[in-house]
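Peer 1: Sequence:
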Amino acid sequence: MSVGYGPGSPPALEDITFRVPHGSRVAVVGPNGSGKSTMFKALIGLLPLRRGRILIHGLPLGSHHDCVAYVPQREEVDWRFPVTVTDVVLMGRYGRAGWLRRFSAEDRQVAGECISRLGLESVADRPIGELSGGQQQRVFLARALAQKPHVLLMDEPFTGVDIGTQEVILQLLDELATKEVTVLVSTHDLSLAAGRFELVVILNRHLVAYGTPKQVFTPENLAGAFGGQALFLNGTVVVDRCCDRGGNAGCAGPVVGPQRNLKR
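Number 121 in this note's numbering belongs to position 121 of the sequence shown; there are no gaps in the numbering.
No lab work stands behind these hints, which were simulated from the structure alone.
Since the structure is predicted, the reported quantities are computational estimates derived from the model, not experimental observations.
A portion of the hints provided could be inaccurate.
Unchecked claim - Here are the computed lysine-lysine pairs in the DSSO-like style, where the Cα-Cα straight-line distance is at most 30 Å: (1) 41 x 214; (2) 41 x 179; (3) 179 x 148; (4) 214 x 179; (5) 41 x 148.
What the hints assert, rightly or not - FRET-style restraints, in silico, Cβ to Cβ: (6) 105 x 220: 51 to 59 Å; (7) 104 x 212: 22 to 30 Å; (8) 125 x 215: 46 to 54 Å.
Note that the Cβ used here is the ideal one computed from N, Cα and C, for glycine as well.
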């Protein structure tokens with residue numbers, strides 16, 4: 001597929017092709033501006049394709065509008081909007097309840113279970129703008145769970161949240177794997193991508209690589225995606241000359257930390 005933001009503008013993503021096996025966990029990595037968020041928005045139908053197609057279970061995207069859940073970046077949400085935690089989580093039921101139908105007892109029960117699953121019972125009636133960053137991220141995760149999706153897209157869910165919330169998200173990924181929910185997560189943490197996901201997509205406005213972490217995390221692919229910033233991953237070092245010229249501020253490189261093992 002190829003995606004752009006307007007007539008005459010250069011493509012934000014060009015000739016992206018890959019297939020995700022049912023129930024897989026896929027990390028999407030790449031520098032800032034590489035098209036990670038653009039791809040997610042195309043996958044949920046928010047951006048039109050210039051060419052290509054998106055299939056879910058072999059059918060066009062529009063046939064599955066209620067089975068794909070999306071957790072946006074926190075910065076894309078207006079946290080001043082006057083809604084409570086429960087209100088937001090219930091929004092995850094619109095795809096099944098319909099926009100004009102009142103929520104049923106089952107809808108409210110599902111929302112309550114998702115609120116409890118994410119540890120939000122004590123703030124269920126609070127406005128979302130009064131929550132911490134970690135709590136806000138959990139609210140949108142709870143909304144996604146309430147949708148009971150077959151596919152879950154999470155755009156940089158680990159950015160700006162506390163360690164406790166990071167672990168909650170990672171545990172949730174393990175839980176969803178047992179339910180064969182397909183998950184795509186964008187992240188700047190390469191060690192997390194290598195240690196917690198079966199497959200990795202590397203983007204830089206085009207598909208640099210797709211496969212297992214061992215297959216895709218090569219010096220050539222990392223240099224092709226990130227321009228060669230100093231990366232340390234499984235003994236591999238790639239050096240970016242822009243940093244030697246004092247260009248660190250513009251080097252939007254990844255985070256590399258202790259590897260976290262994948263639970264199976």
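Peer 1: Take the hints in turn and mark each one as holding or not.
Peer 2: Here is what the structure says about each hint:
1. 41 x 214: holds (28 Å)
2. 41 x 179: Distance ~24 Å between residue 41 and residue 179 Cα, so the pair holds.
3. 179 x 148: The given pair, whose Cα atoms are some 11 Å apart, holds under the 30 Å limit.
4. 214 x 179: The hint holds at about 25 Å.
5. 41 x 148: holds (19 Å)
6. 105 x 220: 51 to 59 Å: holds (56 Å)
7. 104 x 212: 22 to 30 Å: violated (43 Å)
8. 125 x 215: 46 to 54 Å: Holds - the Cβ-Cβ distance for residue 125 and residue 215, about 48 Å, lies within 46 to 54 Å.
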